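Student: Sequence:
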Amino acid sequence: MISQAPEEFVARDSRTKIEQQKRKAPGFRVRGFEGSWFMGEENKEQAVKTRNDTIKSYKESEVKLAKETYILTRQLPKEKLYGLTFRIRRDNVSIPSNIPDSQKRCHEKEFIQVLYKALGSLGKLQTQPMLPREIYNIELSSELLDMADTFGKKARKINSILIKSRSSSSNNKPREMNDGGL
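Residue numbers for the sequence shown follow this note's numbering, so the first one is 13 and each next one is one higher.
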């Protein structure tokens with residue numbers, strides 16, 4: 013005697029058919045800034061433009077921040093080259109290195125995780141220059157601290173956009189790009 017399949021198997025099978033139909037629907041997948049998601053053709057140009065603008069904005073911030081940090085560390089005594097100088101430079105390099113690394117990831121969760129790592133390095137970079145000021149009386153550039161704050165705000169803003177888009181994608185709705193005021 014042949015038995016019928018339980019209802020849970022039938023429901024799961026019908027869900028996979030719906031998912032297969034969605035995959036065949038006209039549209040495209042965008043990888044990068046907000047992970048991988050399904051969008052209609054009309055949003056393609058807007059998504060690519062917003063992503064490119066965000067990357068350009070990040071790169072400009074990264075270069076300025078790196079330049080100011082290297083100017084600061086050149087003023088430190090040579091005996092601190094492998095101590096404090098190395099730590100400040102390492103954290104300075106890890107921030108701009110993490111952002112492009114995260115953009116090449118396919119999943120939002122990885123992208124968000126790497127952005128948080130960059131924010132952690134940024135926190136170190138904001139506190140470590142205080143030591144040379146206190147110990148060696150080296151004047152800190154206010155521009156360095158301002159750039160670090162600006163960079164941190166941009167990273168936090170992008171994280172919040174990504175987290176919001178993740179929660180909206182769980183409703184099986186196509187996501188739209190939102191520049192979030194960047």
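Calculated from the structure, these hints are not laboratory results.
You may find that some hints are simply not true.
Unchecked claim - Quick list of the computed label-pair ranges, beta carbon to beta carbon: (1) R145 x K121: 16 to 22 Å; (2) K169 x G95: 20 to 26 Å; (3) D113 x N149: 18 to 24 Å; (4) I147 x V105: 32 to 38 Å; (5) K136 x E91: 40 to 46 Å; (6) Q125 x I147: 22 to 28 Å; (7) H119 x R86: 17 to 23 Å; (8) K79 x D113: 32 to 38 Å; (9) Q87 x K121: 36 to 42 Å; (10) E146 x Y82: 26 to 32 Å; (11) P112 x S172: 32 to 38 Å; (12) I147 x K121: 23 to 29 Å; (13) R86 x K121: 18 to 24 Å; (14) Y128 x Y82: 21 to 27 Å.
Stated by the list, open to error - As a list, the in silico PhoX-like pairs of lysine-lysine whose alpha-carbon atoms are at most 20 Å apart: (15) K76 x K121; (16) K116 x K129; (17) K136 x K79; (18) K76 x K176; (19) K79 x K169; (20) K79 x K116; (21) K165 x K176; (22) K176 x K136; (23) K121 x K166; (24) K176 x K79; (25) K129 x K169; (26) K90 x K76; (27) K169 x K121; (28) K129 x K90; (29) K176 x K121; (30) K136 x K165; (31) K165 x K129.
Predicted model only: the values in this text are computed from it and were never measured.
By construction, the Cβ of each residue, glycine as well, lies at the ideal position given by its N, Cα and C atoms.
Student: For a quick check of understanding: which of the numbered hints are violated here, in increasing order?
Tutor: Violated: hints 1, 2, 3, 4, 5, 6, 7, 8, 10, 11, 12, 13, 15, 18, 19, 20, 22, 24, 26 and 28.
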